[in-house]
Amino acid sequence: MGDALKLSDDRATTAARVIHAIAGEGARLRDDQETAVAALCEPNARVLVVQATGWGKSAVYWAATAIRRSEGAGPTLVVSPLLSLMRDQVAAAARAGLRGATLNSSNVDEWSSIENDLRTGAIDVLLVSPERLANPGFGRRVLDGLAGQIGLLVIDEAHAVSDWGHDFRPDYRRVSDVLQKLNPQTPVLATTATANARVTDDVAHQLGASTLVLRGPLARSSLQLAVVDALSPLDRFAWVVDHLPKLPGSGIVYTLTVSDAQRLAAAIQEVHGPTTPVAAYTGGLEAGERESLEDALRENRLKALVATSALGMGYDKPDLGFVVHVGSPPSPVSYYQQVGRAGRGIDHAVVALLPSDADAGVWDYFATATIPVPEQVNRLLAGLAVYGPDQPATVPSLEAETGLRRGRVELMLKQLAVDGAVERVERGWLRTEAEWSFDAEHYDGIVAVRRREADIMRAYTRGERCLMQLLQESLDDPTAEPCGRCSVCLGLLPEPLTARPDAETVQAITRLLRGETHVLEPRKMWPGGAFGAKGKIPPALLADPGRTIVYADAPEWREVLRATFGGDAPDPAALDALKAGCVAALSRWKDAWSRRPEVVVPLAAAGHRELTTSVADHLAEIGRLDRTELAVNPAGFRDDLSSAEEAKVWRDAIEVEGATAQAVAGRSVLLVVDASSSQWPITVAAAKLREAGAAAVLPLLIHRRP
Numbered sequence: 001m002g003d004a005l006k007l008s009d010d011r012a013t014t015a016a017r018v019i020h021a022i023a024g025e026g027a028r029l030r031d032d033q034e035t036a037v038a039a040l041c042e043p044n045a046r047v048l049v050v051q052a053t054g055w056g057k058s059a060v061y062w063a064a065t066a067i068r069r070s071e072g073a074g075p076t077l078v079v080s081p082l083l084s085l086m087r088d089q090v091a092a093a094a095r096a097g098l099r100g101a102t103l104n105s106s107n108v109d110e111w112s113s114i115e116n117d118l119r120t121g122a123i124d125v126l127l128v129s130p131e132r133l134a135n136p137g138f139g140r141r142v143l144d145g146l147a148g149q150i151g152l153l154v155i156d157e158a159h160a161v162s163d164w165g166h167d168f169r170p171d172y173r174r175v176s177d178v179l180q181k182l183n184p185q186t187p188v189l190a191t192t193a194t195a196n197a198r199v200t201d202d203v204a205h206q207l208g209a210s211t212l213v214l215r216g217p218l219a220r221s222s223l224q225l226a227v228v229d230a231l232s233p234l235d236r237f238a239w240v241v242d243h244l245p246k247l248p249g250s251g252i253v254y255t256l257t258v259s260d261a262q263r264l265a266a267a268i269q270e271v272h273g274p275t276t277p278v279a280a281y282t283g284g285l286e287a288g289e290r291e292s293l294e295d296a297l298r299e300n301r302l303k304a305l306v307a308t309s310a311l312g313m314g315y316d317k318p319d320l321g322f323v324v325h326v327g328s329p330p331s332p333v334s335y336y337q338q339v340g341r342a343g344r345g346i347d348h349a350v351v352a353l354l355p356s357d358a359d360a361g362v363w364d365y366f367a368t369a370t371i372p373v374p375e376q377v378n379r380l381l382a383g384l385a386v387y388g389p390d391q392p393a394t395v396p397s398l399e400a401e402t403g404l405r406r407g408r409v410e411l412m413l414k415q416l417a418v419d420g421a422v423e424r425v426e427r428g429w430l431r432t433e434a435e436w437s438f439d440a441e442h443y444d445g446i447v448a449v450r451r452r453e454a455d456i457m458r459a460y461t462r463g464e465r466c467l468m469q470l471l472q473e474s475l476d477d478p479t480a481e482p483c484g485r486c487s488v489c490l491g492l493l494p495e496p497l498t499a500r501p502d503a504e505t506v507q508a509i510t511r512l513l514r515g516e517t518h519v520l521e522p523r524k525m526w527p528g529g530a531f532g533a534k535g536k537i538p539p540a541l542l543a544d545p546g547r548t549i550v551y552a553d554a555p556e557w558r559e560v561l562r563a564t565f566g567g568d569a570p571d572p573a574a575l576d577a578l579k580a581g582c583v584a585a586l587s588r589w590k591d592a593w594s595r596r597p598e599v600v601v602p603l604a605a606a607g608h609r610e611l612t613t614s615v616a617d618h619l620a621e622i623g624r625l626d627r628t629e630l631a632v633n634p635a636g637f638r639d640d641l642s643s644a645e646e647a648k649v650w651r652d653a654i655e656v657e658g659a660t661a662q663a664v665a666g667r668s669v670l671l672v673v674d675a676s677s678s679q680w681p682i683t684v685a686a687a688k689l690r691e692a693g694a695a696a697v698l699p700l701l702i703h704r705r706p
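Reminder that position 32 of the sequence shown reads as 32 in UniProt numbering, one-by-one numbering, no gaps.
What the hints contain is simulated information worked out from the structure, not anything from laboratory work. Remember, it's a predicted structure, so these values are computed and weren't measured experimentally. Cβ atoms here follow ideal geometry from the backbone N, Cα and C, with glycine treated the same way. Among these hints, one or two may not hold up.
Claimed, not checked - Label-pair restraints from in silico Cβ distances:
| id | residue 1 | residue 2 | range |
| --- | --- | --- | --- |
| 1 | ARG140 | GLY26 | 14 to 24 Å |
| 2 | ALA573 | GLY607 | 31 to 41 Å |
| 3 | GLY72 | GLU441 | 41 to 51 Å |
| 4 | LEU541 | ASP444 | 39 to 49 Å |
| 5 | ARG140 | LEU490 | 53 to 63 Å |
| 6 | ASP439 | GLY623 | 49 to 59 Å |
| 7 | LYS181 | ARG562 | 47 to 57 Å |
| 8 | HIS272 | THR613 | 33 to 43 Å |
With the hints as extra help, turn the sequences into a complete structure.
See below:
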């Protein structure tokens, strides 16, 4: 806790006016809120506020902004991670008597007028994303003009500044560039609800040695936490379908993956229809659609949004009645942040976690996904080195040059920019003269912390002690103690929760999900790099759009996959289920294919030859198709190959010759593939078959791996 700083009478009057406008006539600043506001009214202040969701962190910067503007200071710049938060904050600023504006991807048409209003002093608060800070055009047009003029800098969700935090974003480090451009006297406020002691210390160190840290208790008395254990991934879907109509008010159902969000929403819609309206919400939606869905939930026109973590920080619905997690997040800190959406303005909200042993694979991915791989970084830096100031490298050109996947290229460029090894300019990226070295000790420490957090989530799912207490302890809250109301403290699940879904619901969801159509769009570009060829694949060598039977970790197929892909020989009953799924997929596909298949060709891209051959034989028999074989020898294949290296392996491995070439010439080929994540074996095999004279290649992929 910091010193109990107090506001002068004039400043207190201004602050009270703001708080009354936001929270009502009876509202007043808490002691720590007043301490923070008073500190921010002084030159060169650095304040870090770590308080529970709903405590009123935004009230601190609205009150401080109103005071500083009344005393002639420049506008406040708020760095905020999500569009939903920015929209809510612009509305909150208006209630506080301040004019707020945001520059983001959803209001490009307004940028010119907003930037003009900034220059004339008509805007009190500008909200921007960290990604906008990293944009050179924004820096040239806006930040350079505000240099030395910003009255207050606010870093919201400040845990994202620290790579020890659960939601580190490289672009957030651009905040340090803003700090350097500030007048040294400009106050800085950082806020978060989800920072343990290590993250708090790191953020405070980045702000400066004199940072005032105001940290409060993190328990949430309105939340009733529960764990519904021992459910399979498919049981979890059915449990949500059963329980959603019974849960109080409206809320959020979180999933770990985009595909789970989309498919669970579709299942709920199919079973309940308009009586329980829901929608899927993911980071892939357009800004306008996300905004529309947020408003629909806020206005209770939806029972729930089935969402990924894209709906998290900043979404404000005070009467949110429940949060359900289908799958456990990898970190107790991120879990606390997400469940904190519920019960902010009501006395009671239900929070349920539905874990599964399938979650561990997702946790392992997130533990290392943002850690740079030295070999890949060096390959990227070498690719950048061929570009000069007159021709900056673009992300697509670097993808082709290095063979690295585009998402990985984008992440590494942002990380290298933080380290000063690359620079983003308006037309792309440039290599700087700064050397880059891999800080193995630092990154090993981050991975170790993330794995310890995963262990805490395992303890949470096992109910080893009070659930709220465990979350508080994970955030180093010294006030942590048993809550007396969670499913561990009570020894039972609170109503209306039950331990199991209805068996008929499980069967109905299985049938529904196995009947989905998953289109497999063909790759259309060669990878370059080690493969050699780059650019568009000629139309005469392209595969047709195909079909996938099992997409990623689809819960309705999980046990079947384990029984068919997990051992030396596939289980006969599970294999029959896959065969039936393939036949059903072909039946749904027949109206869309360019030409009916005439010959079946198996390709054991993942090494499951018996499985692939058995499925191909079955389809040939059922469809009265001819059968032939490819000559395949994928020597040198490894899971860690780059895109270009993997494509080269398959180009060298696959041959279409002799009787096979005669069998496919002038005919439509059904290419049956066991499993792939990259699609390179499918892309290369299709090109080879087309070169041999196949009129069309229709890929049927049994398992598209994530």
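| request: With respect to the beta-carbon atoms only, verify the hint that GLY72 and GLU441 lie 41 to 51 Å apart. | output: Check passed, 48 Å falls within 41 to 51 Å.
| Is the distance from the Cβ of ALA573 to the Cβ of GLY607 consistent with 31 to 41 Å? | violated, 22 Å
| message | Given the hint of 47 to 57 Å, is the C-beta distance from LYS181 to ARG562 inside that range or not? | response | With Cβ atoms ~55 Å apart, the hint holds.
| query | At the C-beta level, are ASP439 and GLY623 separated by a distance inside 49 to 59 Å? | reply | At 57 Å between Cβs, range holds.
| request: State, for the Cβ atoms of LEU541 and ASP444, whether the hinted interval 39 to 49 Å holds or is violated. | output: Given about 44 Å between the Cβ atoms, the range holds.
| field | HIS272 versus THR613 beta-carbon gap, inside 33 to 43 Å or not | value | holds, 42 Å
| request: Determine whether the Cβ-Cβ distance between ARG140 and LEU490 falls within the hinted range of 53 to 63 Å. | output: Taking Cβ atoms as reference, ARG140 and LEU490 lie about 58 Å apart, which means the hint holds.
| query | In this structure, is the beta-carbon distance linking ARG140 and GLY26 contained in 14 to 24 Å? | reply | violated, 47 Å
Of the hints listed earlier, those the structure fails to meet are numbers 1, 2, in rising order.
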